[in-house]
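Trainee: Chain by chain, the residues run as shown.
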Amino acid sequence: MRRQIPFALVFIFGFFMIFQFFVPHETSEFFYEFLLDWIIVIGIFALALGIWSLFKVSVEKIKLGKEGAQYSYVTLVGLFLMMAFGFTQKTGEGWGLYFLWIVLCGACIVALMRLRASASAGSKRMWGMMALGLLIGAVLVAIFDDAWAFYFYTQEGLSNSMFRDFFDYIMMPILATMFALLAFYIASAAYRAFRARNLLASLLLLAALLVMSRFNPFLPGAEYVAKASNWLMNVPNMAAQRAIVIGIGLGIVGTALKVILGIERGYMGKG
Amino acid sequence: MEFTQFLWMTFGVFVTLCIMSFLYKDNPFYKFAEHLVVGVSAGYFVVILWHTGLVPKLFQRLADGDWYYGFLNSSNLEYLIPAILGCLMWTRFSKDYSWLSRWPMALYIGISAGLAVPLEMSNRVNKQLQAMMVKIDWANFFGHDGFDLLDITNGLSQLLILVGALAAIIYFFFSKEHKGAFGHVATLGIWVLMIGFGASFGFTVMARISLFINRLQDTFAWGHQSFDTSNEHYSIFFPIVFWGLVLFVTGYIAYEIVTHLRKKATTS
Numbered sequence: 057m058r059r060q061i062p063f064a065l066v067f068i069f070g071f072f073m074i075f076q077f078f079v080p081h082e083t084s085e086f087f088y089e090f091l092l093d094w095i096i097v098i099g100i101f102a103l104a105l106g107i108w109s110l111f112k113v114s115v116e117k118i119k120l121g122k123e124g125a126q127y128s129y130v131t132l133v134g135l136f137l138m139m140a141f142g143f144t145q146k147t148g149e150g151w152g153l154y155f156l157w158i159v160l161c162g163a164c165i166v167a168l169m170r171l172r173a174s175a176s177a178g179s180k181r182m183w184g185m186m187a188l189g190l191l192i193g194a195v196l197v198a199i200f201d202d203a204w205a206f207y208f209y210t211q212e213g214l215s216n217s218m219f220r221d222f223f224d225y226i227m228m229p230i231l232a233t234m235f236a237l238l239a240f241y242i243a244s245a246a247y248r249a250f251r252a253r254n255l256l257a258s259l260l261l262l263a264a265l266l267v268m269s270r271f272n273p274f275l276p277g278a279e280y281v282a283k284a285s286n287w288l289m290n291v292p293n294m295a296a297q298r299a300i301v302i303g304i305g306l307g308i309v310g311t312a313l314k315v316i317l318g319i320e321r322g323y324m325g326k327g
Numbered sequence: 444m445e446f447t448q449f450l451w452m453t454f455g456v457f458v459t460l461c462i463m464s465f466l467y468k469d470n471p472f473y474k475f476a477e478h479l480v481v482g483v484s485a486g487y488f489v490v491i492l493w494h495t496g497l498v499p500k501l502f503q504r505l506a507d508g509d510w511y512y513g514f515l516n517s518s519n520l521e522y523l524i525p526a527i528l529g530c531l532m533w534t535r536f537s538k539d540y541s542w543l544s545r546w547p548m549a550l551y552i553g554i555s556a557g558l559a560v561p562l563e564m565s566n567r568v569n570k571q572l573q574a575m576m577v578k579i580d581w582a583n584f585f586g587h588d589g590f591d592l593l594d595i596t597n598g599l600s601q602l603l604i605l606v607g608a609l610a611a612i613i614y615f616f617f618s619k620e621h622k623g624a625f626g627h628v629a630t631l632g633i634w635v636l637m638i639g640f641g642a643s644f645g646f647t648v649m650a651r652i653s654l655f656i657n658r659l660q661d662t663f664a665w666g667h668q669s670f671d672t673s674n675e676h677y678s679i680f681f682p683i684v685f686w687g688l689v690l691f692v693t694g695y696i697a698y699e700i701v702t703h704l705r706k707k708a709t710t711s
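First to last, the protein sequences are chains P and Z.
All residue numbers for the first sequence refer to this note's numbering, where the first residue is 57 and numbers rise by one.
All residue numbers for the second sequence refer to this note's numbering, where the first residue is 444 and numbers rise by one.
Where hints are given, some of them may not hold.
To be verified - Subject to a maximum C-alpha distance of 27 Å in a straight line, what follows is the list of computed BS3-like cross-link-like pairs (lysine-lysine):
#1 Z:Lys468 x P:Lys117
#2 Z:Lys619 x Z:Lys474
#3 P:Lys122 x Z:Lys706
#4 P:Lys117 x Z:Lys538
#5 Z:Lys468 x P:Lys122
To be verified - Some chain P residues well away from chain Z (every beta-carbon gap over 12 Å; in silico):
#6 Glu82
#7 Gly121
#8 Ala163
#9 Ser176
#10 Ala278
Unchecked claim - Which chain P residues face chain Z? A few, computed with CB under 8 Å, are given here:
#11 Val79
#12 Leu103
#13 Tyr127
#14 Met139
#15 Phe143
#16 Thr147
#17 Ile192
#18 Val195
#19 Ala263
#20 Val281
#21 Lys283
#22 Leu288
#23 Asn293
#24 Ala295
#25 Leu306
#26 Ala312
Quick caveat, the hints were computed from the structure, so don't treat them as lab data.
Note that the coordinates shown come from a computational prediction; the quantities given were computed from them, not determined experimentally.
We put the beta carbon where it would ideally sit given N, CA and C, even for glycine.
Chain P extracted, bound-state conformation (with noise of 0.2 Å):
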């Protein structure tokens, strides 16, 4: 029962999908988007599962003292301003009493992660008494103060100026960061494992090399340069390509039977 059931509905749902694909008709393309649309739902619940885990393991680094504890509200904060920033948006043209707010719910989160770490009952009554005063006092400027407003429903959140600022100021800044480190990383990995010891190693450099001098105004005979490495990216490079992405696909498509037919049931774990 407690396996059957889930074999039972991959091999229903994984076969009805294939033969829907085959059915050009209004009934089946109705229960196609209906499907799809049940899968999207069912990830953001998935995805509520992951936000839950990042919290647990935040707090849990508190409430330990594990080194490095304290980055956690970093996190913890980041996490809650962004989520307030994208349903909040101010009403008209001030926005009243939105940062005392702000304050005053990421005071609280702080009061109730001291809470949870706290190891005496005096300094859990202390902090607890704190949270619960913190969160009296935000719920009472969100009642209060017309300045702004919550939007769950529609997607005011989106233009918040802080929202936008967040993202083009802190997360694109770091995340385009973090992959350009990358690049003297791969470079450092390159020089050890790059040596022409053979002809495939060497057939490795050439095209590696070729096409790294590809935007060079720089070299000699640039012209040229850039001219073998269109060739290079649009000739063996497309044959490689298009061979792996046949090999991909192919595989792909003998999991995803495997799957449906229930040889595979690795997605299951155990119990």
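Add chain Z to chain P, keeping to what the hints say.
Mentor: Chain Z in isolation, oriented as in the chain P frame:
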């Protein structure tokens, strides 16, 4: 540029430097930026998925009815099923009921797997096979305007793509031992694959380098804004913030050097 925007820009430069500092070693500033981006990214995706997924796909579908003492008078009640299944996902945290989370998981995997079979075949495999089956341009085998081996549309290039792709596919065929003529073709396949991997590597490095250049450009733009007197909102606070960050960074570097030298002196 207004001062508030300049402050945001300064923070962007600060977090860029925090991440860059990892090139030296793991340090508190890197950890700060790393933890910050985890929280902010998670919050961002919650908001985006709520507004673009949950609201239009679930709440708005159920919104045509009214709540009557516990049951919903909606014409799309079937959309409650994925919501209930989604909630079953949360039983993952319970020891006794975690088996219930397999139902939504099974539905998700079943639909995704079933969807993947025809779509992968039509969009990936068939499309690539179709692209391979082009007629070789024998009339312009060595180029369109005279002899040009680097012309990507000449017959030779078309033939090389066909032969190269077939050879690389043969290399992936492990049901027959790579011996004799089959082995020679497989060897050609691995040459083609190595060129492909080299090109992909070079392309990845170039993508990272352009991101790095972009971060440098942003940093220089920030430096320029700090002293741009033609800015109508310019004030003394712009250079103060600039020098504040510069002093902070140089101060930290000096602190690291002094700590390192002291450590070295103690050990020797």
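Trainee: Would you mind marking each hint as holding or not holding in the structure?
Mentor: Going down the list of hints, with the structure as the test:
1. About 23 Å separates the Cα atoms of Z:Lys468 and P:Lys117, which keeps this hinted pair within 27 Å; it holds.
2. About 51 Å separates the Cα atoms of Z:Lys619 and Z:Lys474, which puts this hinted pair outside 27 Å; it is violated.
3. About 26 Å separates the Cα atoms of P:Lys122 and Z:Lys706, which keeps this hinted pair within 27 Å; it holds.
4. The straight-line distance between the Cα atoms of P:Lys117 and Z:Lys538 is roughly 22 Å, inside the 27 Å bound, and the hint therefore holds.
5. Using a Cα cut-off of 27 Å, the hinted pair Z:Lys468 and P:Lys122 holds, with the two alpha carbons roughly 21 Å apart.
6. Residue-level check passed: P:Glu82 sits 17 Å from the nearest beta carbon of chain Z, beyond 12 Å.
7. At the 12 Å boundary, the C-beta of P:Gly121 stays outside the reach of chain Z, the nearest C-beta of that chain being 16 Å off.
8. With a cut of 12 Å on Cβ distances, P:Ala163 stays outside the contact zone with chain Z, its closest approach being about 16 Å.
9. No beta-carbon of chain Z is positioned within 12 Å of the beta-carbon of P:Ser176; the least distance is around 28 Å.
10. In this structure P:Ala278 is separated from chain Z by more than 12 Å, as the shortest Cβ-Cβ distance comes to about 14 Å.
11. Interface hint status for P:Val79: violated, as the beta-carbon distance to the closest one in chain Z is roughly 11 Å, over 8 Å.
12. Checking P:Leu103 against chain Z by beta carbon gives a least distance of about 6 Å; that is within 8 Å, so the hint holds.
13. Proximity of P:Tyr127 to chain Z holds as hinted, the smallest CB-CB distance being about 4 Å (cut-off 8 Å).
14. Annotation: P:Met139 was flagged as interfacial toward chain Z, and the flag holds, the nearest CB pair being 5 Å apart, inside 8 Å.
15. Given the 8 Å rule on beta carbons, the hint for P:Phe143 holds: about 7 Å separates it from the nearest Cβ of chain Z.
16. Interface hint at P:Thr147: violated, since its Cβ lies 18 Å from the closest Cβ of chain Z, which is beyond the 8 Å cut-off.
17. At its closest, the beta carbon of P:Ile192 sits 24 Å from a beta carbon of chain Z; the interface hint therefore is violated under the 8 Å criterion.
18. For P:Val195, the interface hint is violated, since its Cβ never comes within 8 Å of a Cβ in chain Z; the closest pair sits about 21 Å apart.
19. Hint status for P:Ala263 relative to chain Z: holds, with the closest Cβ pair at about 3 Å, below 8 Å.
20. At a threshold of 8 Å, the smallest CB-CB gap from P:Val281 to chain Z is about 11 Å, leaving the interface hint violated.
21. Satisfaction of the interface hint for P:Lys283 is found here, the shortest Cβ-Cβ separation to chain Z being roughly 5 Å, below the 8 Å cut-off.
22. Residue-level restraint check for P:Leu288 holds (minimum Cβ-Cβ distance to chain Z is 6 Å; threshold 8 Å).
23. Among the interface hints, the one on P:Asn293 holds; its C-beta lies about 4 Å from the nearest C-beta in chain Z, closer than the 8 Å criterion.
24. The beta carbon of P:Ala295 comes within 3 Å of a beta carbon in chain Z, closer than 8 Å, and the hint placing it at the interface holds.
25. A cut of 8 Å between beta carbons decides the hint on P:Leu306: the least distance to chain Z is about 6 Å, and the hint holds.
26. Given hint, P:Ala312 at the interface with chain Z, holds; its Cβ is 4 Å from that chain's nearest Cβ, closer than 8 Å.
Hint compliance for this structure: hints 2, 11, 16, 17, 18 and 20 are not met, and every other hint is.
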